[in-house]
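Undergrad: Residue numbers (the numbering used here), protein chains in the order written: chain A, 5 to 426; chain B, 5 to 426.
Hints in this document: simulated from the structure, not taken from any laboratory. Watch out, some of these pointers could steer you wrong.
Same chains, same names: a pair is fine if it fits in one copy or spans any two.
To be verified - Capping the alpha-carbon separation at 16 Å, the derived lysine to aspartate or glutamate pairs in EDC-like fashion look like this:
(1) K402 to E388
(2) K385 to E41
(3) K100 to D380
(4) K11 to D73
(5) K250 to E300
(6) K36 to D361
(7) K110 to D15
(8) K11 to D52
(9) K118 to D254
(10) K259 to E354
(11) K137 to E242
(12) K25 to E41
(13) K309 to E6
(14) K110 to E124
(15) K214 to D240
(16) K386 to E229
(17) K340 to E41
(18) K221 to E32
(19) K36 to E357
(20) K170 to E217
(21) K23 to D254
(22) K110 to D283
(23) K228 to E409
(24) K118 to E207
(25) K250 to D180
(26) K386 to E41
2 protein chains.
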Amino acid sequence: MELNNAKGTTDFSGATMAKRKQLINMLESVFKLYSYEELDTPIIERYDVLTYKYGDDAPILNEIFKLKDQGDRDLCLRYDLTVPFSRFIGMNTTLKMPYKRFAVGKVYRDGPVKLGRTREFIQCDFDMVGSKKIDCEIEVLSILFRAFDKIGIDINIEINNVIFLKALIRYCGIPDQDIPKFVSIIDKVKKISKKQFETELVEQGFDKNKVDELIQKLNFKTNKEKFGFLTKILTDDENIKLNEFKLLLDAFGDKNLVFNLGLARGFNYYTGPVFEVYDNSKTISSSLAGGGRFDEMIGNYLDGKREFPAVGGSFGLEPIMVLIEKLDDQIVNENKLFIIPINNYIKSLEIAEQFRDSGINTGIDLTGRNVGKNMDYANSKKYEYVIVIGENELSSNKFKLKNMETGEEREVSIKQAIKILK
Amino acid sequence: MELNNAKGTTDFSGATMAKRKQLINMLESVFKLYSYEELDTPIIERYDVLTYKYGDDAPILNEIFKLKDQGDRDLCLRYDLTVPFSRFIGMNTTLKMPYKRFAVGKVYRDGPVKLGRTREFIQCDFDMVGSKKIDCEIEVLSILFRAFDKIGIDINIEINNVIFLKALIRYCGIPDQDIPKFVSIIDKVKKISKKQFETELVEQGFDKNKVDELIQKLNFKTNKEKFGFLTKILTDDENIKLNEFKLLLDAFGDKNLVFNLGLARGFNYYTGPVFEVYDNSKTISSSLAGGGRFDEMIGNYLDGKREFPAVGGSFGLEPIMVLIEKLDDQIVNENKLFIIPINNYIKSLEIAEQFRDSGINTGIDLTGRNVGKNMDYANSKKYEYVIVIGENELSSNKFKLKNMETGEEREVSIKQAIKILK
Numbered sequence: 005m006e007l008n009n010a011k012g013t014t015d016f017s018g019a020t021m022a023k024r025k026q027l028i029n030m031l032e033s034v035f036k037l038y039s040y041e042e043l044d045t046p047i048i049e050r051y052d053v054l055t056y057k058y059g060d061d062a063p064i065l066n067e068i069f070k071l072k073d074q075g076d077r078d079l080c081l082r083y084d085l086t087v088p089f090s091r092f093i094g095m096n097t098t099l100k101m102p103y104k105r106f107a108v109g110k111v112y113r114d115g116p117v118k119l120g121r122t123r124e125f126i127q128c129d130f131d132m133v134g135s136k137k138i139d140c141e142i143e144v145l146s147i148l149f150r151a152f153d154k155i156g157i158d159i160n161i162e163i164n165n166v167i168f169l170k171a172l173i174r175y176c177g178i179p180d181q182d183i184p185k186f187v188s189i190i191d192k193v194k195k196i197s198k199k200q201f202e203t204e205l206v207e208q209g210f211d212k213n214k215v216d217e218l219i220q221k222l223n224f225k226t227n228k229e230k231f232g233f234l235t236k237i238l239t240d241d242e243n244i245k246l247n248e249f250k251l252l253l254d255a256f257g258d259k260n261l262v263f264n265l266g267l268a269r270g271f272n273y274y275t276g277p278v279f280e281v282y283d284n285s286k287t288i289s290s291s292l293a294g295g296g297r298f299d300e301m302i303g304n305y306l307d308g309k310r311e312f313p314a315v316g317g318s319f320g321l322e323p324i325m326v327l328i329e330k331l332d333d334q335i336v337n338e339n340k341l342f343i344i345p346i347n348n349y350i351k352s353l354e355i356a357e358q359f360r361d362s363g364i365n366t367g368i369d370l371t372g373r374n375v376g377k378n379m380d381y382a383n384s385k386k387y388e389y390v391i392v393i394g395e396n397e398l399s400s401n402k403f404k405l406k407n408m409e410t411g412e413e414r415e416v417s418i419k420q421a422i423k424i425l426k
Numbered sequence: 005m006e007l008n009n010a011k012g013t014t015d016f017s018g019a020t021m022a023k024r025k026q027l028i029n030m031l032e033s034v035f036k037l038y039s040y041e042e043l044d045t046p047i048i049e050r051y052d053v054l055t056y057k058y059g060d061d062a063p064i065l066n067e068i069f070k071l072k073d074q075g076d077r078d079l080c081l082r083y084d085l086t087v088p089f090s091r092f093i094g095m096n097t098t099l100k101m102p103y104k105r106f107a108v109g110k111v112y113r114d115g116p117v118k119l120g121r122t123r124e125f126i127q128c129d130f131d132m133v134g135s136k137k138i139d140c141e142i143e144v145l146s147i148l149f150r151a152f153d154k155i156g157i158d159i160n161i162e163i164n165n166v167i168f169l170k171a172l173i174r175y176c177g178i179p180d181q182d183i184p185k186f187v188s189i190i191d192k193v194k195k196i197s198k199k200q201f202e203t204e205l206v207e208q209g210f211d212k213n214k215v216d217e218l219i220q221k222l223n224f225k226t227n228k229e230k231f232g233f234l235t236k237i238l239t240d241d242e243n244i245k246l247n248e249f250k251l252l253l254d255a256f257g258d259k260n261l262v263f264n265l266g267l268a269r270g271f272n273y274y275t276g277p278v279f280e281v282y283d284n285s286k287t288i289s290s291s292l293a294g295g296g297r298f299d300e301m302i303g304n305y306l307d308g309k310r311e312f313p314a315v316g317g318s319f320g321l322e323p324i325m326v327l328i329e330k331l332d333d334q335i336v337n338e339n340k341l342f343i344i345p346i347n348n349y350i351k352s353l354e355i356a357e358q359f360r361d362s363g364i365n366t367g368i369d370l371t372g373r374n375v376g377k378n379m380d381y382a383n384s385k386k387y388e389y390v391i392v393i394g395e396n397e398l399s400s401n402k403f404k405l406k407n408m409e410t411g412e413e414r415e416v417s418i419k420q421a422i423k424i425l426k
């Protein structure tokens with residue numbers, strides 16, 4: 005037998021795990037600051053429920069892990085947190101609206117494994133249901149700015165409204181049935197050069213003049229130009245959305261919020277503003293978070309009996325972790341004190357318990373091995389301080405508190421040591 | 005389509021979820037106090053790895069959820085946290101020992117669903133590998149006592165050593181091959197009367213005199229009687245274990261630690277001391293936590309190339325939650341302040357952000373609905389305070405801070421309100 009993980013899955017341990025957890029805890033505390041409550045849904049779901057809104061040929065179906073229970077029921081592993089969220093809303097229609105929830109959990113996709121793409125990964129979502137007002141998008145953006153500020157990552161957020169992009173495409177004379185293909189090419193603009201972009205569009209059979217015009221519009225430099233152009237091509241109802249959009253941009257006047265008319269992000273899913281968060285230092289090119297308004301998805305999923313306007317965001321744990329790993333000052337050492345008893349474990353344990361009573365994370369030797377080996381261990385586990393406890397120390401109540409970084413030793417009582425370590 | 009959860013799985017939301025998370029966070033903080041680090045292993049594992057140590061007819065195999073990936077690999081969902089932990093140890097043989105880890109995660113068993121038995125449930129384990137000393141068991145018990153003290157549940161811990169029970173059974177003349185059957189009957193003593201117990205043993209073909217003698221020994225009242233009897237029947241090596249066991253009992257002299265010679269707990273798995281935690285109020289009869297020493301399991305799993313002595317414990321999240329739900333004072337309300345803007349969302353949002361800057365969990369109306377409806381909402385979401393913000397409030401910087409429990413209103417500035425709510 006080959007002792008190994010299932011393909012595309014990873015173990016997380018030690019400092020890496022501690023940092024992941026610190027990030028998750030931090031995000032959760034931000035969600036709570038904005039009154040989002042936690043929702044935990046199962047990892048296994050009924051196959052019919054999870055795939056209800058898809059045709060039999062939807063690409064996601066190929067990536068769903070399927071399984072059966074003893075009753076021969078068709079089940080699967082969830083592939084995102086949004087569909088289980090929709091199921092939950094549908095099963096709990098008496099929930100007070102707006103319902104605001106966050107969820108951090110593992111999801112599964114049986115796709116190709118490559119760098120940055122695993123089969124088990126964590127999604128970290130926050131969404132609200134129950135209001136169509138732009139106030140919701142403003143809250144979601146506030147959460148994104150606050151969270152990255154707390155993490156210590158300098159970001160910019162690109163924002164668009166899918167209504168504007170659709171209007172632009174219409175304006176360029178692209179027929180409705182070509183919109184999805186067209187958008188998937190626009191989505192690549194970031195990755196390919198403008199020349200390649202033009203070539204691809206023309207190769208796909210789009211008219212060169214129309215393509216050139218589109219590229220020109222996508223490259224408006226100022227918001228004023230964009231607004232001026234959009235005002236002319238939007239319908240009256242769409243112009244109301246444009247005014248709301250301006251209000252939103254104004255609300256974040258001093259932040260790095262950039263109106264990008266080419267941002268497409270899940271065009272078939274979103275119905276209003278969409279946004280993506282990028283690392284300003286350009287260390288990571290993929291987005292760190294994203295989201296938008298999806299007013300139709302939950303309702304469609306629930307047979308359209310009722311409207312469920314929704315807005316939300318999702319943090320990309322993995323790219324954020326890559327950046328955090330580079331920020332050394334973000335590492336919080338959780339191991340504080342290591343106690344080495346010399347043949348007096350029970351008495352040393354009583355002392356260890358006093359440190360723990362004061363909330364100080366304290367380890368103690370459990371092997372009875374010698375001081376040198378224990379020092380090595382304490383060092384490798386990054387304990388900040390060590391105390392060796394022998395008979396002399398116990399009878400005099402004087403202990404040498406060794407700082408493992410500087411090597412400095414201070415003779416202290418337990419009370420004093422607790423004060424220093426707290 | 006029937007909108008429903010997969011059989012045997014549950015959604016957790018609202019106050020229930022908040023309390024579950026508080027319990028988990030609390031347990032994690034205790035594990036860290038004792039220098040345990042977090043390990044997160046995948047929920048999907050290779051089938052051959054997870055079932056390696058079982059024969060083809062092991063009962064657990066019937067309860068494993070199986071699945072395949074696109075490469076037709078046989079996979080399964082983990083059914084506990086110990087086997088993945090063993091795999092991790094085997095794949096990381098350079099880990100510094102002792103390695104102490106905790107893990108809180110979902111596990112899956114495709115068994116019968118009944119009250120208190122679901123197919124997806126959370127295990128909450130802490131284990132250490134790398135020392136045979138009784139110091140480890142003492143640490144594990146310290147963790148259990150501290151954790152339940154923090155939770156606010158009055159417990160007693162029953163403890164035994166499987167070596168003593170085996171010696172007792174041997175002494176009663178039960179042949180080795182009958183030990184498992186015998187132990188599974190002893191395990192029932194708690195649930196059935198002594199008379200039933202005797203009847204069942206005799207029916208199973210055990211000699212009545214031997215059974216009577218066993219029952220007499222199991223009913224020794226004092227530790228002195230137990231020790232006196234055991235000293236006589238144990239081998240020299242086993243008597244060393246008995247002396248260590250006495251040391252352990254002495255270390256917890258003032259705690260509710262009870263030596264129960266009949267405690268069997270996973271006889272084939274444990275190799276030394278075993279323990280189970282019970283609710284002193286008897287509200288819940290099943291154990292709240294348990295654990296013990298398993299010196300052979302990891303090594304066997306890894307082809308016995310190296311010794312991996314291990315001790316650990318496991319918290320039963322569900323029975324503990326049942327008790328917590330009864331302790332009303334344990335409920336921590338996470339929603340602090342709800343702000344109702346009257347046609348001034350952006351300005352009210354700036355104020356909300358000031359509260360959030362001070363760490364106060366703050367909600368704000370996102371629907372634009374009237375004050376009455378918003379008051380209902382704030383009440384149903386258990387916000388402690390509400391502020392309604394109109395033009396007068398903004399121009400005068402005087403706000404009415406309404407205490408939602410007492411109904412009392414205080415006129416304050418934002419600075420004062422932050423001080424009050426912090």
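Undergrad: With reference to the structure, classify each hint as holding or not holding.
TA: Taking the hints in turn, this is what the structure says about them:
Proximity of K402 to E388 under the C-alpha cut-off of 16 Å is found in neither arrangement, the shortest distances being 19 Å within a copy and 49 Å between copies. Proximity of K385 to E41 under the C-alpha cut-off of 16 Å is restricted to the inter-copy arrangement: shortest distance 10 Å between copies versus 35 Å within a copy. For a Cα distance limit of 16 Å, the shortest separation of K100 from D380 across copies, 10 Å, qualifies, whereas the shortest one inside one copy, 56 Å, does not. Taking identical chains as interchangeable, the C-alpha atoms of K11 and D73 lie at most 16 Å apart only when they sit on different chains, with a minimum of 9 Å there against 23 Å within one chain.
Proximity of K250 and E300 under a CA criterion of 16 Å is satisfied in neither setting, with 23 Å inside one chain copy and 67 Å between copies. Taking the shortest alpha-carbon separations for K36 and D361, only the inter-copy value of 12 Å comes in at or below 16 Å, while the best intra-copy value is 28 Å. Taking the shortest Cα distances, K110 and D15 sit within 16 Å of each other both inside one copy (13 Å) and across copies (15 Å). Taking the closest pair of Cα atoms, K11 and D52 come within 16 Å of each other only across two copies (13 Å); inside a single copy the shortest separation is 26 Å, beyond that limit.
In this homomeric assembly, K118 and D254 never come within 16 Å of each other (Cα to Cα): the closest approach is 40 Å inside a single copy and 56 Å across copies. In this assembly of identical chains, K259 and E354 lie within 16 Å of each other by CA distance solely across copies; the values are 14 Å between and 53 Å within a copy. For a Cα distance limit of 16 Å, the shortest separation of K137 from E242 inside one copy, 14 Å, qualifies, whereas the shortest one across copies, 73 Å, does not. In the homo-oligomer, the alpha carbons of K25 and E41 lie at most 16 Å apart only across protomers (11 Å), although the nearest pairing inside one protomer, at 18 Å, exceeds that limit.
Taking CA atoms no more than 16 Å apart as the test, K309 paired with E6 passes between copies only; the shortest distance there is 15 Å, against 52 Å inside one copy. For the homomeric pair K110 and E124, the shortest alpha-carbon distances inside one copy (6 Å) and between copies (14 Å) are both at most 16 Å. In this assembly of identical chains, K214 and D240 lie within 16 Å of each other by CA distance neither inside one copy nor across copies; the values are 24 Å within and 93 Å between. Proximity of K386 to E229 under the C-alpha cut-off of 16 Å is found in neither arrangement, the shortest distances being 56 Å within a copy and 47 Å between copies.
When the C-alpha separation of K340 and E41 is checked against a cutoff of 16 Å, the pair qualifies only between copies, where the shortest distance is 13 Å, while the shortest distance within a copy is 32 Å. Taking the shortest alpha-carbon separations for K221 and E32, neither the intra-copy value of 39 Å nor the inter-copy value of 54 Å comes in at or below 16 Å. In this assembly of identical chains, the alpha carbons of K36 and E357 lie at most 16 Å apart only when taken from different copies (13 Å versus 32 Å within one copy). In the homo-oligomer, the alpha carbons of K170 and E217 lie at most 16 Å apart inside one protomer (15 Å), although the nearest pairing across protomers, at 86 Å, exceeds that limit.
For a Cα distance limit of 16 Å, the shortest separation of K23 from D254 qualifies neither inside one copy, at 35 Å, nor across copies, at 39 Å. Taking CA atoms no more than 16 Å apart as the test, K110 paired with D283 passes in neither setting, with 24 Å inside one copy and 33 Å between copies. Taking the shortest alpha-carbon separations for K228 and E409, neither the intra-copy value of 56 Å nor the inter-copy value of 50 Å comes in at or below 16 Å. Taking CA atoms no more than 16 Å apart as the test, K118 paired with E207 passes in neither setting, with 29 Å inside one copy and 61 Å between copies.
With identical chains, the CA atoms of K250 and D180 are never at most 16 Å apart, being 27 Å at best within one copy and 81 Å at best between copies. Proximity of K386 to E41 under the C-alpha cut-off of 16 Å is restricted to the inter-copy arrangement: shortest distance 12 Å between copies versus 35 Å within a copy.
Checked against the numbered hints given earlier, the structure breaks hints 1, 5, 9, 15, 16, 18, 21, 22, 23, 24 and 25 and satisfies all the rest.
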